[in-house]
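Required output: the full structure, derived from the provided sequences and hints.
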Amino acid sequence: NAGVTQTPKFQVLKTGQSMTLQCAQDMNHEYMSWYRQDPGMGLRLIHYSVGAGITDQGEVPNGYNVSRSTTEDFPLRLLSAAPSQTSVYFCASRPQNGKELNTQYFGPGTRLTVL
Amino acid sequence: AQSVTQPDIHITVSEGASLELRCNYSYGATPYLFWYVQSPGQGLQLLLKYFSGDTLVQGIKGFEAEFKRSQSSFNLRKPSVHWSDAAEYFCAVGPPDSNYQLIWGAGTKLIIKP
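Protein sequences appear in the order of chains A and B.
Everything in the first sequence is counted per our numbering, starting at 54 for the first residue and increasing by one.
Everything in the second sequence is counted per our numbering, starting at 116 for the first residue and increasing by one.
Bear in mind the hints are in silico, worked out from the structure with no lab data behind them.
Any given hint could turn out to be false.
[Stated by the list, open to error] Over 12 Å on every C-beta distance to chain B, these chain A residues come out as not near it, computed from the model:
#1 D79
#2 N81
#3 G111
#4 R130
#5 Q138
#6 Q157
[Said to hold, decoys possible] Computed from the model, here is a short list of chain A residues facing chain B with C-beta under 7 Å:
#7 L98
#8 V113
#9 V141
Note that the Cβ used here is the ideal one computed from N, Cα and C, for glycine as well.
See below:
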């Protein structure tokens, strides 16, 4: 199992550019989520999904879009990058039931800088 | 409002000394409780979790945590730290159901003195 993978690891954008952060998991987890991590603020939930075709907003969804066409993939799209979106982005997944319900697996993160 | 507080932004401990990282939460019912660790430049790894039952839970890497309902706390402990424990530690809570969303503390950065 590769677990949760994220690409790219680093990205620099100019204000107004768009891009997609990729996230994939091979554990057949129903639940996937995107967080951003900023110094002194812990992790904040951007969007999440409880299965293919189902997505919902988290705490800080503005400026981001997601879709979930397959169980494995959960890309995060920045529509028009702003300097306030400079952050480290983490994708995570977990099952919705069973004994692993309570264990969330994280990807290695994408460090994004918006100039 | 639901919240998680980690009162210490940084903690410095000598190698071999004991460690306690504090976590307090504000929640309507007994939540799921978690501690995660993040090594520099890495993702987050689950250290331990509490759902119900025995209030002292054991985790990986020699860590343990104790749930104290009366104090709304879930403090992380280790009897003797190693230099490799230098990392950032996050406490998180979530409602006890399958669609839980985690609420995260701001993290405590652990610095180990040789």
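So, going through the hints one by one against the coordinates:
1. D79: holds, 16 Å
2. N81: holds, 16 Å
3. G111: Its Cβ does come within 12 Å of chain B, the nearest being 7 Å, so this is violated.
4. R130: holds, 21 Å
5. Q138: Non-interface label stands for Q138 (chain A): nearest chain B Cβ at 19 Å, farther than 12 Å.
6. Q157: violated, 7 Å
7. L98: At about 6 Å, which falls below the 7 Å cut-off, the nearest Cβ of chain B leaves the hint on L98 (chain A) intact, so it holds.
8. V113: Given a least distance of 12 Å, the restraint on V113 (chain A) is violated.
9. V141: At 10 Å from the nearest chain B Cβ, V141 (chain A) fails the 7 Å test, so the hint is violated.
Going through the hint list in order, the structure does not satisfy hints 3, 6, 8, 9.
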